[in-house]
Amino acid sequence: MLVYMLFGVVALQAEGIKMDKRFESIVNAIIMLRRNNLDDRNFAISVLCQNKKWTLMDELKDENNSECWLTKKMKRFNLVPILTEVLTERYGKNLSRGDFLNGEDPRFDYSLIERGIKAKKKVKYTFQGRVGKQDFVIIPCDPTSVLSIKFSKGSSPLKTTQQKSKDGCIYLHIDAKLKSTDKITLEIENKSNNNVAIAILNHNTRK
Amino acid sequence: MKGYRYILPLILGLATIGLRAQEMSNAPDSIFFEYAKSLKNRGNDYYMLCNRTGIKQVIDKYRFALDRRKAAGMLTEEMEGYFNQDITKLLGDYHYLNSDYDRKSYSESEKCFKQYRDYYLVHSGTYVAGQGIYIAHQELAQLYYKLGRYEEACDEMKEVLRTVSTYMRDEDEPFDKLSQYAICLARMNQFDEAISNINEVLENYDNIDTERYGEALRKKAKILMLREEHGDKTGKSEALDYYKQYFGLKKKDALVHFMGMDSEEREMYWMKIRPFVTDCYRLEEADAGFLYDVTLFAKGLLLQLDSAGGGRQNIHATWQMIQEKLKPDACAIEFVQYEKYGQEKMGAIVLKRTGKPVFVKMPDPDSVLNYKIDVKGEFLTVDSLMRSVHGPDWDSRVPRNLLYSDSLGLNNFIWTSNLIAVVANCQDLWFAPDGYIHQLAIEYLLPETIKNKSCHRLSSTRVLLLERREQSYKKALVVGGVDYYAESAANAMGNDQIAYRYVYNNGKPATFDTLEKSVGEVKDILIHRSSPEDTILVGAFAQEQSFRQMCGNYSMIHISSHGVFNAATIPQGTDLKQNLRDNTLSHSLIAFAGINTSLKDKRFDPNLQDGILSAKEISSLNLSKTELVVLCCCETGLGYVTPDGVYGIQRGLKNAGARAIICTLWDIDDEASSYFMIRFHQYLKENNDLYKAFYHARESMKEEYDEPSYRDAFILIDAI
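Read top to bottom, the protein sequences are chains X and V.
Going letter by letter, the first sequence gives residues 1 to 207 in the working numbering.
Going letter by letter, the second sequence gives residues 1001 to 1720 in the working numbering.
Some hints here could point you the wrong way.
[Claimed, not checked] Each computed BS3-like pair below joins lysine-lysine, with the alpha-carbon atoms no more than 25 Å apart:
{"no.": "1", "chain 1": "X", "residue 1": "Lys122", "chain 2": "V", "residue 2": "Lys1158"}
{"no.": "2", "chain 1": "V", "residue 1": "Lys1070", "chain 2": "V", "residue 2": "Lys1040"}
{"no.": "3", "chain 1": "V", "residue 1": "Lys1158", "chain 2": "X", "residue 2": "Lys73"}
Think of the hints as simulated: they come from the structure by calculation, not from any bench.
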């Protein structure tokens, strides 16, 4: 009941963009990590353990030196160690049993990662392997952060529906049906005066 | 009937291994993967503890399990390739640790890590592959750093830093890697970038994590010292500030936590601090008082690594506290060996009753060890003379007779004019050795100008703070006339398997000859002592187990038997990875009853007494009531000389809590040593002064055994 109520809260905030319920549960879990206490961390881990259709979005590479270290002095999710812990427990190190690729891996529907962006800087990530319509959620750890987000395909901008919630999360929907060979670029500008840690989540709908 | 006692456990053990392998060969994939993972984790644990033997055992088990599984048709080519990479990585780790024993292992280690990396480059694109490449870069960085190939180490660390955000296992990993990279940059003389990186680490941990902040302070100090060596004269004073900050944090932390740790935790704790100790000696005369305190602190930790005893005072000692205990005509000297400009150096930190400590530079250890001495027309080095095999015949006694004679100038070379000038007005010199001085009796190499001084060897000048108990040697346990061919008895406890293996040389067991004079020696000692509370263990009764059970109840222990030290090198740590001792205390041992019988059986049995008492086993004894241990056994003063001191029987006894020790620096003559020991105990009985009795006994050797090779073999430690 409590979990359903929490899902309900997320659905209201993402008004206009309807998301798959399993994706919502992951988004919700990551939002809870902002609070940085043991109960919320354990809850996030339990959600991630139950959902076996996500992988690490570790194909992102910024070439502009705009990323920053995720230091203890900034608000951050500390997501990557949690994700690797869950994945290592789940799969061990076996190539033939679900050794995960990255967000491009067709066996998975969802992918996520955490990155740090320097103040007043822009990062650009180019990636492939997305098929059909796409849902993205960009969650800054500090809800007061000001971010600007753009998608492009090749050199042309990609039309997206954006919705920003009261807690600073940005929900994006790409209506165009992408092919796996399409190269899309995600540009995120940190307009804040401080470095910011963000979680990037994707639902590769294949529809 | 007797046989089943050791055959049955052996059969059961083999059966268990066989059963496990059999289970694994047909087990479902998920079970096997868990087993493989557990083996890999165990191998990694052994690597962290620098236990080569352990890693080798894991590799053998892993290979055995894979072979069985392949034979059962349960292993695909892909999976085999994958699992073999675990073995390749473990092999790389094994060779890395082995490289201190065999330099060829460096290239083997590099080959393994590159093979591991290349496999994942071929299978790249997956998370596991990326992680494999990340791990390979780390291991190669560490290897290149150790080899002094700093440019390559830097390149590898750059790759590590590029991907650490993805493959890190905990939140501190990026900054740990950044600080390691900073050290690599400093080695490449890129100091500005190194300092910028380490400042970023400091900023991250300031007021957040004291331990990591302290570690970053130490690394910054090291970078500044490297800069100073490169020509920047301000480096030393800046580095001193950082070292002092680090030391303050560590001392506070040790006072709170160290005593509550078990021996493995203490060892890990010490290994983290050790780079600081060896680095800050390079400060030399910048602040001798600080260096003296660091030495006291380091030895305070070291001499308690394996013992449950000791107190906070051991860690808390300062040079001011030592100074208060000194008489006006005494001085305390801590010798320190350290590395600077890529060379080993030696210094003496001298503390007198008044004034601050003074740092005196000594000749480099290499120059002392390579000092040439004319031996019948052939020029041999001090080092080769120290290592020469000592025997009963005249020719084999010559090296040491020459080494310790007055005519060579070696004494003036070691006891420099600067050092003599500082100690000139002191009558008693209390010194704690380091480096080669552990195995060269410099107290017998005094030049003419200071020959009248009394030189006292200590494990650490900290010992001067101990309560001076009225020396009482009323109750002695005397062991001698050991029957090495006695039957092996049952009821063994804590047998040291590694020590047992070391007395095998190339598959042939060592044989210990009966010491003809030993029975007479121990009986004469008892007669001179005439104490009704004494106990003698002789012949077949001189068993290891009896000794272990009884030794804790005696204020004096005398052992007259064979002693052995198996020499080899031990691994040194780097800034990228510290390491622990690898069974070094198992290399020194004393022979007890039945050792020849036990070795002849060629089979280690944990339930049978093997007649071997290793330094490691001695460490586990409780000798806190023992005022004096007299070892009339060969090479009991020897051991691995490391930045942590000498690891041998001496260390085992100090860990066990024994106060003073008499031991030997080389093989001793049976007859001459009996002569010495009988007179020593006679004089000790007469005047109850340990130092006087020892030196009086040495003097008496002039009557019958007037050669340094006889009389200078024995050293006295911690007679306060």
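Evaluated hints:
1. A C-alpha spacing of about 23 Å is found between Lys122 (chain X) and Lys1158 (chain V), which places the hinted pair at or below 25 Å, so the restraint holds.
2. As the CA atoms of Lys1070 (chain V) and Lys1040 (chain V) are separated by approximately 19 Å, the hinted pair is consistent with the 25 Å bound.
3. Proximity of Lys1158 (chain V) to Lys73 (chain X) is assessed by CA-CA distance (about 24 Å); at most 25 Å being required, the pair is judged to hold.
The structure shown violates none of the earlier numbered hints.
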